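When you line the sequence shown up against full-length UniProt numbering, it's residues 1 to 300, in that order.
Hint data in this document are derived by calculation from the structure and do not stem from the laboratory. Bear in mind that the values here come from a model prediction, so they are computed numbers and not experimental data.
Here are the simulated DSS-like cross-link-like pairs (lysine-lysine), alpha carbons at most 25 Å apart as the crow flies:
no., residue 1, residue 2
1, 27, 117
2, 187, 164
3, 297, 164
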Amino acid sequence: MTNDYGVLLETGTNELEIVEFEVQGNKYGINVMKVKEIIQPMEITFVPHAHSHIEGIIQLRGEVLPVIDMAKVLGMAPSENQSVDKYIVTEFNQQKVVFHVQNVTRIHRISWNDIEKPSEMYQGGNNQIIGVIKMGENMILLIDFEKIVVDINPHSGIHIDQIKSLGERERSEKKIIVAEDSPLLRKLIHDTLQEAGYDRVEFFENGQLAYDYLEAELERENPFENVQLLVTDIEMPKMDGHHLTKRIKEHPVLKQLPVIIFSSLITDELRHKGTGVGADAQVSKPEIARLVQHIDKLAL
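Kindly generate the complete structure, drawing on both the sequences and the hints.
Laid out in structure tokens, this is it:
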């Protein structure tokens, strides 16, 4: 089962397709854009002293890939019927990772507007759930796969140290707005941009809030006096980054605003989606130094 179906989804419609999978009968989802293929389990080579969530490694068409046991990640028992177990081969954050799940059921096409943000009451401080999708009587929980990988390998995340490679920085008065739904990433981006000299950064937790802010700015005599650039993630509830970019670039006035897409989904296969909606630049997480270089060049 190779992922060519994601290409069928038109970019900028604020829709996504998710692969629904199960662990101990509970239903979870992963964005199709992260999925390379779904395969039957293979023989695993055990790796001594690896993180407890790493089952081992497999060799797939010459590539050595880590296998993460989703039952362990979610604190659940291993599969009782391994005949339906599946491996979801993914690519995001410039790395390929295999997730061992207990069943893959189907693909759903939904709107980002239909994804509810999890409540802090049940989400907890260290939860991997980033969204809840109601499907009739059932609920599908969207998993934060980036967090799972960074928890296992912290070096794969964003680090302020990367800014040191850019040399001495001056403080900038330019105002940047950032659309990013992850509280952890908002803090990391804030701290890193501050280190890079950008003190005037305002954050919005989804694309809809960012767009509402920009529309309000249009009432000013000079709408770009108070905002010089937008940085947006792709995967966000209410309005995703591709749709946000498309709305901005189709607007007679807002189209002047430079937009940088900063997402784990910037791969060779998916870059055309951002180009198609008019993004001025696209940077893959966690390359924050490259993001700063693009901000330096593009900010009005």
